[in-house]
Each structure stands twice: as structure tokens, then as C-alpha cells.
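Based on the provided sequences and hints, a complete structural model is requested.
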Amino acid sequence: MDATKSCSCGAKHEEHICYLHSKGLIEQVEHLTDSPTVTCAICLVNANFPENVCSPTTLGGGFKYADMKDCKKVICDNAEPANEKDQTD
291 MDATKSCSCG
301 AKHEEHICYL
311 HSKGLIEQVE
321 HLTDSPTVTC
331 AICLVNANFP
341 ENVCSPTTLG
351 GGFKYADMKD
361 CKKVICDNAE
371 PANEKDQTD
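Residue numbers (this note's numbering): 291 to 379.
Some hints could be false.
To be verified - In silico DSS-like cross-links for lysine-lysine, where the CA-CA straight-line distance does not exceed 25 Å: (1) LYS313 x LYS359; (2) LYS302 x LYS313; (3) LYS313 x LYS354; (4) LYS354 x LYS302; (5) LYS302 x LYS359.
Just so you know, these hints were derived from the structure itself, not from any lab.
Okay, here's the thing in C-alpha cells:
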């Protein structure tokens with residue numbers, strides 16, 4: 291899947307793994323990924339519930355959050371890193 295594709299979920303996006311990850315909320319994200327049932331079709335992270343990701347799809351082919359939690363890469367266009375956002379406010 292295309293990891294640069296953005297989500298169109300609006301205000302709900304602040305509850306998604308990619309958004310929380312971009313804000314450095316690692317413990318919250320780990321809690322949302324400890325018993326996965328779906329994979330995000332955009333960023334390919336496995337999540338516990340469809341509500342945890344932008345584009346839920348059947349579990350499989352994704353990765354565990356633990357495999358990328360130390361990565362500083364933004365995993366969704368709608369998730370702006372905290373330090374960049376702070377500079378624009």
C-alpha cells in the first residue's frame with residue numbers, strides 16, 4: 291500500500307495510531323496494538339480495532355508497532371510531527 295496516502299477521517303484522526311505515534315505517545319500506541327485484529331491499508335500497522343487506524347482492512351501483511359516504534363518517520367500525511375507543528379503555531 292502507499293504509505294503517503296492520507297486519511298479522510300477528520301476529527302477521528304487524532305485517535306489513530308499514526309497520529310498518536312507522530313505525537314510521541316508510544317505507550318498509548320502500544321496499548322492499541324497489543325492484540326491486533328486489523329491492519330491499516332495506508333501505513334500497514336496492525337491494530338486492535340478498526341477505530342485505531344485510518345483505513346482498516348483484514349489482518350495480515352502488516353507489521354507489529356514494536357517493529358517501528360523508535361522510527362521518527364511520519365506514517366500518514368495527516369499526522370504532522372509535534373516539533374514541526376509547534377514551529378508553525
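Hints versus structure:
1. LYS313 x LYS359: holds (12 Å)
2. LYS302 x LYS313: Holds. LYS302 to LYS313 sits at ~15 Å (cutoff 25 Å).
3. LYS313 x LYS354: holds (18 Å)
4. LYS354 x LYS302: holds (22 Å)
5. LYS302 x LYS359: Since the Cα atoms of LYS302 and LYS359 sit roughly 21 Å apart, the hinted pair holds (cutoff 25 Å).
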